[in-house]
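Here the protein sequences come in this chain order: A, B, C and D. Per the numbering used here, residue -4 is the first one in the first sequence, and the count goes up by one each step. Per the numbering used here, residue -4 is the first one in the second sequence, and the count goes up by one each step. Per the numbering used here, residue -4 is the first one in the third sequence, and the count goes up by one each step. Per the numbering used here, residue -4 is the first one in the fourth sequence, and the count goes up by one each step.
Some hints here could point you the wrong way.
All copies of an identical chain are treated as equivalent in the list; a pair is satisfied when it fits inside any one copy or across any two copies.
Distance condition first, Cα-Cα at most 27 Å in a straight line; then the derived BS3-like pairs of lysine-lysine [unchecked claim]:
{"no.": "1", "residue 1": "K(-1)", "residue 2": "K162"}
{"no.": "2", "residue 1": "K319", "residue 2": "K139"}
{"no.": "3", "residue 1": "K230", "residue 2": "K93"}
{"no.": "4", "residue 1": "K40", "residue 2": "K(-1)"}
{"no.": "5", "residue 1": "K230", "residue 2": "K162"}
{"no.": "6", "residue 1": "K230", "residue 2": "K139"}
{"no.": "7", "residue 1": "K230", "residue 2": "K(-1)"}
{"no.": "8", "residue 1": "K139", "residue 2": "K(-1)"}
Derived from the structure by calculation, the hints contain no laboratory data. Only a predicted model underlies this, so the values are computations on that prediction, with no experimental measurement involved.
Read off the chains here:
4 protein chains.
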Amino acid sequence: MGRKVNLGIIGAGRIGRVHAEHLAFRIREAELLAVADVFPPAAEKLAVDFRVETVYEDHRQLLRDDRIEAVVICSSTDTHAQMIEEAAAAGKHIFCEKPIALDLAEIDRALEAVERAGVKLQVGFNRRFDPSFRRVREIVASGKIGTPHILRITSRDPEPPPIEYVKVSGGIFLDMTIHDFDMARYLIGSEVEEVYAVGNVLVDPAIGEVGDIDTAVVTLRFANGVLGVIDNSRKAVYGYDQRVEVFGSAGMALVTNRTPDNAIVSDAEGVHAAKPLYFFVERYTEAYVEEMQAFVRCILEDTLPPVTGIDGRIPVVMGYAARKSYEENRPVRLEEISS
Amino acid sequence: MGRKVNLGIIGAGRIGRVHAEHLAFRIREAELLAVADVFPPAAEKLAVDFRVETVYEDHRQLLRDDRIEAVVICSSTDTHAQMIEEAAAAGKHIFCEKPIALDLAEIDRALEAVERAGVKLQVGFNRRFDPSFRRVREIVASGKIGTPHILRITSRDPEPPPIEYVKVSGGIFLDMTIHDFDMARYLIGSEVEEVYAVGNVLVDPAIGEVGDIDTAVVTLRFANGVLGVIDNSRKAVYGYDQRVEVFGSAGMALVTNRTPDNAIVSDAEGVHAAKPLYFFVERYTEAYVEEMQAFVRCILEDTLPPVTGIDGRIPVVMGYAARKSYEENRPVRLEEISS
Amino acid sequence: MGRKVNLGIIGAGRIGRVHAEHLAFRIREAELLAVADVFPPAAEKLAVDFRVETVYEDHRQLLRDDRIEAVVICSSTDTHAQMIEEAAAAGKHIFCEKPIALDLAEIDRALEAVERAGVKLQVGFNRRFDPSFRRVREIVASGKIGTPHILRITSRDPEPPPIEYVKVSGGIFLDMTIHDFDMARYLIGSEVEEVYAVGNVLVDPAIGEVGDIDTAVVTLRFANGVLGVIDNSRKAVYGYDQRVEVFGSAGMALVTNRTPDNAIVSDAEGVHAAKPLYFFVERYTEAYVEEMQAFVRCILEDTLPPVTGIDGRIPVVMGYAARKSYEENRPVRLEEISS
Amino acid sequence: MGRKVNLGIIGAGRIGRVHAEHLAFRIREAELLAVADVFPPAAEKLAVDFRVETVYEDHRQLLRDDRIEAVVICSSTDTHAQMIEEAAAAGKHIFCEKPIALDLAEIDRALEAVERAGVKLQVGFNRRFDPSFRRVREIVASGKIGTPHILRITSRDPEPPPIEYVKVSGGIFLDMTIHDFDMARYLIGSEVEEVYAVGNVLVDPAIGEVGDIDTAVVTLRFANGVLGVIDNSRKAVYGYDQRVEVFGSAGMALVTNRTPDNAIVSDAEGVHAAKPLYFFVERYTEAYVEEMQAFVRCILEDTLPPVTGIDGRIPVVMGYAARKSYEENRPVRLEEISS
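For reference, chain A alone in the conformation it holds in the complex (with noise of 0.2 Å):
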């Protein structure tokens, strides 16, 4: 048996716990030593269940715990600039969650942070992983399907989240819209240079109210000529939305929805199938797996994380932009954007 790489984790909610369960179940290479939780209840239910030794309740002593390698920082979003400030500082390999911050001068000096360090840093846009999101990527690349021309993002949520949360989120253009711009350039292999929003409230009033919108269309016009177009809706009825289509010179490859059985009825009605995955963590499972494999392979191997900083910098810059787009209505070049 090869080495392992020896883990904390700091933040033990909903993700917090889809990590722990992942590193310490179903990765042969990693060990989960300890977890840091404000809230120490959920730090040691979390302990409990996935089996991890040490339970801190600041996240500083897990950072001077000497044995731990990497962190993987799922507390909330506002913390995770001076987390990953703070690790880097103790020589900690980091997995965070998205975003960043939303702050861009925040986010340059946790990525500098992690440059002056020289550890590894790899930000949670956990859709590259999925099998089929990857498989069209992997065909993109190969040029199976030519020149890319065109690139269609369909992502719907089944519920809007609570409205305390939606006031802080920074708005759907950075909460929602923003693993969109990463699948965007994730698949296309080049970068958007423009973005134009167009946005409604058209699911709940009280989005609206606090200043935010639940429905939006954005083009994308990217360096290599591509033109491409996300929607997105924070309530589908029928379940959480998730589709990709590029469109190229010789072809032209998507991915549909998966179900949670592949059961078909036939009646006097009509033909009947499954709606797809309810959200996330059911649509995303062997997602979140692949990417806490690849944080962990990449240290094991020292490569490159398969999403850098870079990569986590760059979906906030057109969150912005696309906000920018949407409240002045016309086209925002990522240039316009600045710390």
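The hints should help you fit chains B, C and D onto chain A, whose structure is shown.
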């Protein structure tokens, strides 16, 4: 057997032959009595193939034929408006292929002539009559998917037209997207107020050399708040790609492509199915029959045509707005476009 | 324009009208000159609807009409064999609806008459001409899926026929499965040597009361080693279910059902698509056109009909073998069945 | 946290490792304490990989371990019955891989031992726990598709097992079809009374040389009148083909294959999707977790196991009936088979 409508057809080219065959053989209530074409051999061949009694060289002879109640105008686009005026003056009901004209003033003169004469005018937006798109319209109109929020239309041709045609086509937005503009209005049942178009020359540089583009993405804002997007390409190697999707508060209705056969092969490489039907003649056969059937029926029953003159005018306005938007790289309101 | 074949049709019932419409309006090389029916109003209506010049009450008049080269026999099954003999004696090429007869001796007399006269006889196994089934046959014949091993045919009607018809139908194996027996021979390209049939009355007890069954599963052993199975039901509430599957050493080819439209609705309950096309007239429209086209072409080109007299005889033998198997609950070899 | 069940596993081969991983990492209510294997390195590797404390060489040591409440028997088939007897005598609850034995007398002795001891016995028919098949069972049981009429099962492996295994496997009906026999009973909820089996050697002559067949079609008659058919092949080049279909008076429920990804590529040749998941380990991962979960839960809640000893016995009887039917080429009633 009920009363029949006596018809004459003007223009014996490809689309003229499609309508002639349907009027002659598929529509019980139609009697196709005459054909006129400036190129007599085409008219004669059409007459023999579809058992049409009378052949005219000049469409004005056909318009003077008292037996004829209704004409089907399939001549070249630049003649449509003039022929509508003449046919209206002759008291004939009119079916005219799209577009009525590329010039809004010409369209307005034609529509005024129609109104003055009190004849019926139906414009050839055939896709509305396709069983799948009609089904989506019915579903949207029934409220089954709730209030519409997002519209997506993908419309890609299998091959670009000849460059000589591209030169006089009015450009992609007036030649190709015009069908999608009509589909957008039809499916949503509301008017578009603003468009934003991006485009590129990715298929064939020769198209760019004559001042047109071959790839486009157009964002639509509807009066009722719906956000829409159309993507177009002049060349999909896998055939005619014609899909629509309406997403609403209670669900989604979409249309997938039709195929020539339903055979599926599984082998060591994967699972393989047929490409979509090749192009509009194959894809929209039923739609062409249904549209002509609807035209004949609206005469027999003295009802409003299902696609009116104004339905013919608005997509031309949208085409100009899209062109302006593309040229100026900014959203353009339809009210900016005037004849 | 090439030579045309002059045809007469005998029998102006439902299937007669289907063929008449296609011969009149869809097949360029055919000229439908006459129709005969013992019930003159039916013949007259057909003549008016499809512009047929001459109406006969007695089919023998039609057979004496010297202009006519070929006849299409669509009268009731019990008259087929006699009419084939008469038509052959009159030197006409013959298309005859299936089955030729329920009595093997009658079939043999009819086939002998055809052979003596040197005319062509095509039997109405229309499904061979369906684009999807033909595609599977081509795939099998091309070797793309290797050597065939297993054949599956599902064939279910949307509604049982009237009990009066069931009584004289010859039973499910000779009335309904006969089409699947033909399909089995067509797809595999080898003869069946033995059948085993199980059956039951599950749809309607009235069918049992007249001595028939409404649900059946038939196992087939082919000379080339392929194992096949057919399942039949007289009533599928979701419509006409017509699927085939050939599994071979290098892959599998199958056919799914065709639908009237390609609209798909996703809602809170699931994902919903249209039922299959309702019944044979809807499902096999193209196949009926193609079969008549093939008949006309084999006359024009003086080639063998694509479905010969012996192709008409063997499925009847298979029907009797299946019936005997069902009655005696044992596998029955086809050689046990003799006229 | 509730009570946990302490388990031991006997047999550290492929399927033993599958169950061990699930018991160790996926099932919260299970504690896997010990493993026994006659080949100690296998047991030790399993223990390390899945953090199992105790390793035994002899399963009798494990049976004497007082901490252990339940055992999971994954040793070779010829040892199952004996181990069940011993485990029952030791008062352990038992999960046993299928089949219990190839000899009915041995099975009966094992079932008697279980009954005497009052322990629970669950047999490893894993497919019942697959979400898609379970969904079909729920649909059938709910009456949504009315009274069942026809059952179709297709079950094809991607590769035949090694010839050495084929020799001792009991033949295709007892080794492979046995799973489909269980599925048939599960889906229909009624017993099979008679089977008719045809078979052939089409995949590999070596299989025929050791007295087995590799391709089979089995007809089933159920007590409730349903007619069923199973088709099997030892080699589908496109992967593990696992489909079922229940047709009833009010509709049909079927299951299509699951794929590793949902990417679809359209190109100039056609539309291409992924092959089915490769084999049972990939296809039935969730089913294996669910079956073990159900076993643990039936102990905790003291309920009947979802697959009982008699559910383990009947498919063996069906296998013998199918073999006899194949050998004698006649339908065989299950009551003809006795230990």
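Against the structure, the hints come out as follows:
Neither within a single protomer nor between protomers do K(-1) and K162 lie at most 27 Å apart by alpha-carbon distance, with minima of 41 Å and 43 Å respectively. Taking the closest pair of Cα atoms, K319 and K139 never come within 27 Å of each other, the shortest separation being 36 Å inside a single copy and 35 Å across copies. Only within a single protomer do K230 and K93 lie at most 27 Å apart by alpha-carbon distance; the minimum there is 21 Å, versus 38 Å between protomers. Proximity of K40 and K(-1) under a CA criterion of 27 Å is satisfied in both settings, with 24 Å inside one chain copy and 16 Å between copies.
Proximity of K230 and K162 under a CA criterion of 27 Å is satisfied intra-copy only: 17 Å inside one chain copy versus 44 Å between copies. Only between protomers do K230 and K139 lie at most 27 Å apart by alpha-carbon distance; the minimum there is 16 Å, versus 34 Å within a single protomer. With identical chains, the CA atoms of K230 and K(-1) are never at most 27 Å apart, being 41 Å at best within one copy and 39 Å at best between copies. For a Cα distance limit of 27 Å, the shortest separation of K139 from K(-1) qualifies neither inside one copy, at 37 Å, nor across copies, at 48 Å.
The structure does not agree with the numbered hints 1, 2, 7, 8 stated previously, though it agrees with the rest.
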